[in-house]
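**Student:** The listed protein sequences correspond, in order, to chains U and G.
Take the first sequence: its position 111, counting from 1, is numbered 111 in my numbering, and each next residue is one higher.
Take the second sequence: its position 169, counting from 1, is numbered 1169 in my numbering, and each next residue is one higher.
To be clear, the hints were calculated from the coordinates, so they are not data collected in a lab.
Any given hint could be a false lead.
Said to hold, decoys possible - Restraint-style ranges between C-beta atoms, simulated for each label pair:
#1 U:9 x G:1138: 50 to 58 Å
#2 G:1051 x U:70: 45 to 53 Å
#3 G:1063 x U:32: 27 to 35 Å
#4 U:373 x G:1037: 55 to 63 Å
#5 G:1013 x U:234: 42 to 50 Å
#6 G:1072 x U:120: 55 to 63 Å
#7 U:12 x G:1138: 43 to 51 Å
#8 G:1174 x U:470: 22 to 30 Å
#9 G:1072 x U:470: 18 to 26 Å
#10 U:432 x G:1081: 46 to 54 Å
#11 G:1063 x U:398: 20 to 28 Å
As the list claims (entries may be wrong) - Taking lysine-lysine pairs in the DSSO-like style, the calculated list, with each CA pair at most 30 Å apart, reads:
#12 G:1019 x U:470
#13 U:369 x G:1088
#14 U:321 x G:1019
#15 G:1154 x G:1030
#16 G:1022 x U:321
#17 U:333 x G:1053
Claimed, not checked - Just a few of them, taken from the derived set where beta-carbon distance is under 8 Å, the chain U residues facing chain G:
#18 355
#19 357
#20 476
By construction, the Cβ of each residue, glycine as well, lies at the ideal position given by its N, Cα and C atoms.
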Amino acid sequence: MSDNNKFEFTGKQKKTFLIMMVVGIIAVLIGLLAGSVSKQRFWANLLLESVFFTGIAACAIFMIAAHQIGLAGWNIVVRRVTESITKFTLIGGLFIMVIVVGTAVGYHDLYHWSNNFLTEQQVTQAEITEYEEHHAGGHHVGGHETEEQHDNGEHKTNEHDGTKEDHEQNSFNTSEVNYIFTSTDDSTHAASADGLVENPYYDKILDGKEPYLNPPFFILRAIIFLGLWSFIAYKLRRISLAEDLGNGTDAWYMKTKFWSAIFLVIWAVTSSMMAWDWVMSLDPHWYSTLFGWYNFISLWITSMCVTVLLLIYLKSKGYIKEVNQNHLHDLGKYIFGFSIFWTYLWFSQFMLIWYANIPEETIYFLQRKREYNPLFFGNLIINFLMPFLVLMRRDAKRSLTVLTIMAVVLIIGHWNDFFVMIMPATVGADWHISYFEVGMFLFFAGMFLYTVFYQLSKASLIAVKHPFLKESLGHHQ
Amino acid sequence: MTGKKIVFGLFEDEEILMKAVKNVRNEGLKITDVLTPFPVHGLDEIMGLRQTKLHSAGFVFGMTGTLTALTFILWVSTANYPINYAGKPYLSLPSWIPITFELTVLFAAIGMTLTYLYLNRLAPGMKPKILDERITSHMFAMTFEINAETSENKKEEIRNVLKANGAVEIHEKDWDTL
Chain U
1 MSDNNKFEFT GKQKKTFLIM MVVGIIAVLI GLLAGSVSKQ RFWANLLLES VFFTGIAACA
61 IFMIAAHQIG LAGWNIVVRR VTESITKFTL IGGLFIMVIV VGTAVGYHDL YHWSNNFLTE
121 QQVTQAEITE YEEHHAGGHH VGGHETEEQH DNGEHKTNEH DGTKEDHEQN SFNTSEVNYI
181 FTSTDDSTHA ASADGLVENP YYDKILDGKE PYLNPPFFIL RAIIFLGLWS FIAYKLRRIS
241 LAEDLGNGTD AWYMKTKFWS AIFLVIWAVT SSMMAWDWVM SLDPHWYSTL FGWYNFISLW
301 ITSMCVTVLL LIYLKSKGYI KEVNQNHLHD LGKYIFGFSI FWTYLWFSQF MLIWYANIPE
361 ETIYFLQRKR EYNPLFFGNL IINFLMPFLV LMRRDAKRSL TVLTIMAVVL IIGHWNDFFV
421 MIMPATVGAD WHISYFEVGM FLFFAGMFLY TVFYQLSKAS LIAVKHPFLK ESLGHHQ
Chain G
1001 MTGKKIVFGL FEDEEILMKA VKNVRNEGLK ITDVLTPFPV HGLDEIMGLR QTKLHSAGFV
1061 FGMTGTLTAL TFILWVSTAN YPINYAGKPY LSLPSWIPIT FELTVLFAAI GMTLTYLYLN
1121 RLAPGMKPKI LDERITSHMF AMTFEINAET SENKKEEIRN VLKANGAVEI HEKDWDTL
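Excised from the complex, chain U in its bound form (with noise of 0.2 Å):
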């Protein structure tokens, strides 16, 4: 093998994604200080790019591990930045738990089921008071109608004509539900014998849904996931080093393949469950059954578009020549059949609730119409009817140039596929794209760009001793 394929982490590098860094922490600090950022939007942004971050990472976990257990050759030249990616997961894993101990700690800003005041059916009139100081008074939308959102006995019906278009989800939502399911009588307030009355934000559904929604074993859950998928992104990687090392090449084959397993069976059932709790408990009340997949699928395709810029980067600079158009069209055909994919999941979940159309679901895609109108269709135009037109030629998929422009087109696109779903519940109408969303990207970016160069520059970017490297190599098609 050539050796210019020993990877130079340049200073100039270094600087540049420090620099990226810098930059956006002064632009959060910036947000913050100045106080025209709410809490909200920032602990919004941060779950924002940790998940999106982390999942590129541990969707890179799950690239390795598919391939390997498919008996992939072909992919064996582009491993090593796929493994580089991997290590991210422990670094981007630490944010999310810092957003998910913050919940349990008291942070009630993302996730409102974990206000354990909500499933609480008798409650002190001192509770009710603090709940209502709390969450009345804008929490983050003006917070205009929160009075009459409040009072329990006075809903009007009609509440989904349309008329109220910035009112606080939160509450929003307790009181929507309160009226279906429980508030026939206007005995709410009744104090009883031992001083506790019933409480009027009482929300039947989280209440059902607590023995999962619930902070401890929503802890435990992110601890089980970012711990098992970063161990074995770490002993994949460890594994694939110590080849490289090596003689025989069979044992750590086989090494790799039994990590692969194991992943897959975990990989199956974390990546859908990290989205219903990172992402779909933010609507407590709303639930989709595919939206595990959706999410996935999202994540995959952007990991695949980070690697293919990656590799077009490495190529640029003069490193693994052995990547030509055949595996870059390989990558591309993933990108154009998993986003079509992704828009079939897209349709599925739509047109189910569309056709259904039961109020509490179609709120869903209701205030995503009403609140995020250009990002909302903008979604599909990028993600679907971009790669579709641009990426259906064969040309189209090996040229550099064009993958490298869809690469950046589709993480800014699914970017703004997970914008669309985590901001609405969190910030509601109240949202925005400006200097502070920025600066949490390049901060992020930042930091992922550095992880990945530092693990690129530790190893070969070829795995020399694979069994399957001389099919990779004359890979053709």
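Add chain G to chain U, keeping to what the hints say.
**Tutor:** Coordinates of chain G only, in the frame set by chain U:
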């Protein structure tokens, strides 16, 4: 009768064949086709074949399916027999998408299959033109198209080139009587 004839050389090994294709092209002769009993990777590039247009045909078939589905459902559900279901408007695009998608796939798949069969003379009722039975089992053929006006010199050149590059047998057959 077009007077179209095929001169072809039979090869026993794909490695020899690949080298032969390269050499023959370097000498400036135009190869009409190469027939193999199994797919040989990279042969299309060595032969300098252009990409098949089957994809474009597939796109056209697919669009035909899309338009057929959309116009038919549009006509049925708004003009011919409008039914009110779930209080939705007669013209509700989301509910038409699955059928449209299915018909797009159906038209593209069947259309491409039939086109493929037709182009390869495998469609029902067509008799495939097989130069030599052995090409379907273990031998490789490099073919050159000639006609009545082709000079003897040219024919001789083809034969010589084939022989020089490792063809074990050389034949000439009438295309129309195959």
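**Student:** None of the hints should be skipped; say for each whether it holds.
**Tutor:** Taking the hints in turn, this is what the structure says about them:
Checking the proposed 50 to 58 Å range against residue 9 (chain U) and residue 1138 (chain G) shows it holds: the Cβ atoms sit about 54 Å from each other. One distance hint, 45 to 53 Å for the beta-carbon pair residue 1051 (chain G) and residue 70 (chain U), is violated here, with the actual separation near 28 Å. Between residue 1063 (chain G) and residue 32 (chain U) the beta carbon distance is about 52 Å. The supplied range of 27 to 35 Å is therefore violated. At roughly 59 Å, the beta-carbon separation of residue 373 (chain U) and residue 1037 (chain G) lies within the given 55 to 63 Å, and the hint holds.
Distance hint check: the CB atoms of residue 1013 (chain G) and residue 234 (chain U) are about 49 Å apart, consistent with the given range 42 to 50 Å. With their beta carbons about 57 Å apart, residue 1072 (chain G) and residue 120 (chain U) fall inside the hinted range of 55 to 63 Å. Restraint check, residue 12 (chain U) to residue 1138 (chain G): a C-beta distance of roughly 59 Å breaks the suggested window 43 to 51 Å. The supplied range of 22 to 30 Å is broken by residue 1174 (chain G) and residue 470 (chain U), whose beta-carbon atoms lie about 46 Å from each other.
For the hinted restraint 18 to 26 Å between residue 1072 (chain G) and residue 470 (chain U), the CB-CB distance of approximately 53 Å leaves it violated. Checking the proposed 46 to 54 Å range against residue 432 (chain U) and residue 1081 (chain G) shows it holds: the Cβ atoms sit about 49 Å from each other. Taking the beta carbon of each, residue 1063 (chain G) and residue 398 (chain U) are about 24 Å apart, inside 20 to 28 Å as hinted. For the proposed pair residue 1019 (chain G) and residue 470 (chain U), the alpha carbon gap of about 22 Å is at most 30 Å, so the pair holds.
A C-alpha spacing of about 18 Å is found between residue 369 (chain U) and residue 1088 (chain G), which places the hinted pair at or below 30 Å, so the restraint holds. Annotation: proposed proximity of residue 321 (chain U) to residue 1019 (chain G) holds, straight-line Cα distance about 26 Å (limit 30 Å). Between residue 1154 (chain G) and residue 1030 (chain G) the alpha-carbon distance is near 12 Å, which keeps this suggested pair within the 30 Å criterion. The suggested pairing of residue 1022 (chain G) with residue 321 (chain U) holds, with an alpha-carbon distance near 25 Å, which does not exceed 30 Å.
For the hint pairing residue 333 (chain U) with residue 1053 (chain G), the CA-to-CA distance comes to about 19 Å; that is within 30 Å, so the pair holds. The interface hint given for residue 355 (chain U) holds, since its Cβ lies 7 Å from the closest Cβ of chain G, which is under the 8 Å cut-off. The restraint placing residue 357 (chain U) at the interface with chain G holds, with a minimum CB-CB distance near 6 Å, inside the 8 Å limit. With a cut of 8 Å, the hint placing residue 476 (chain U) at the interface with chain G holds, because the nearest CB-to-CB distance is about 5 Å.
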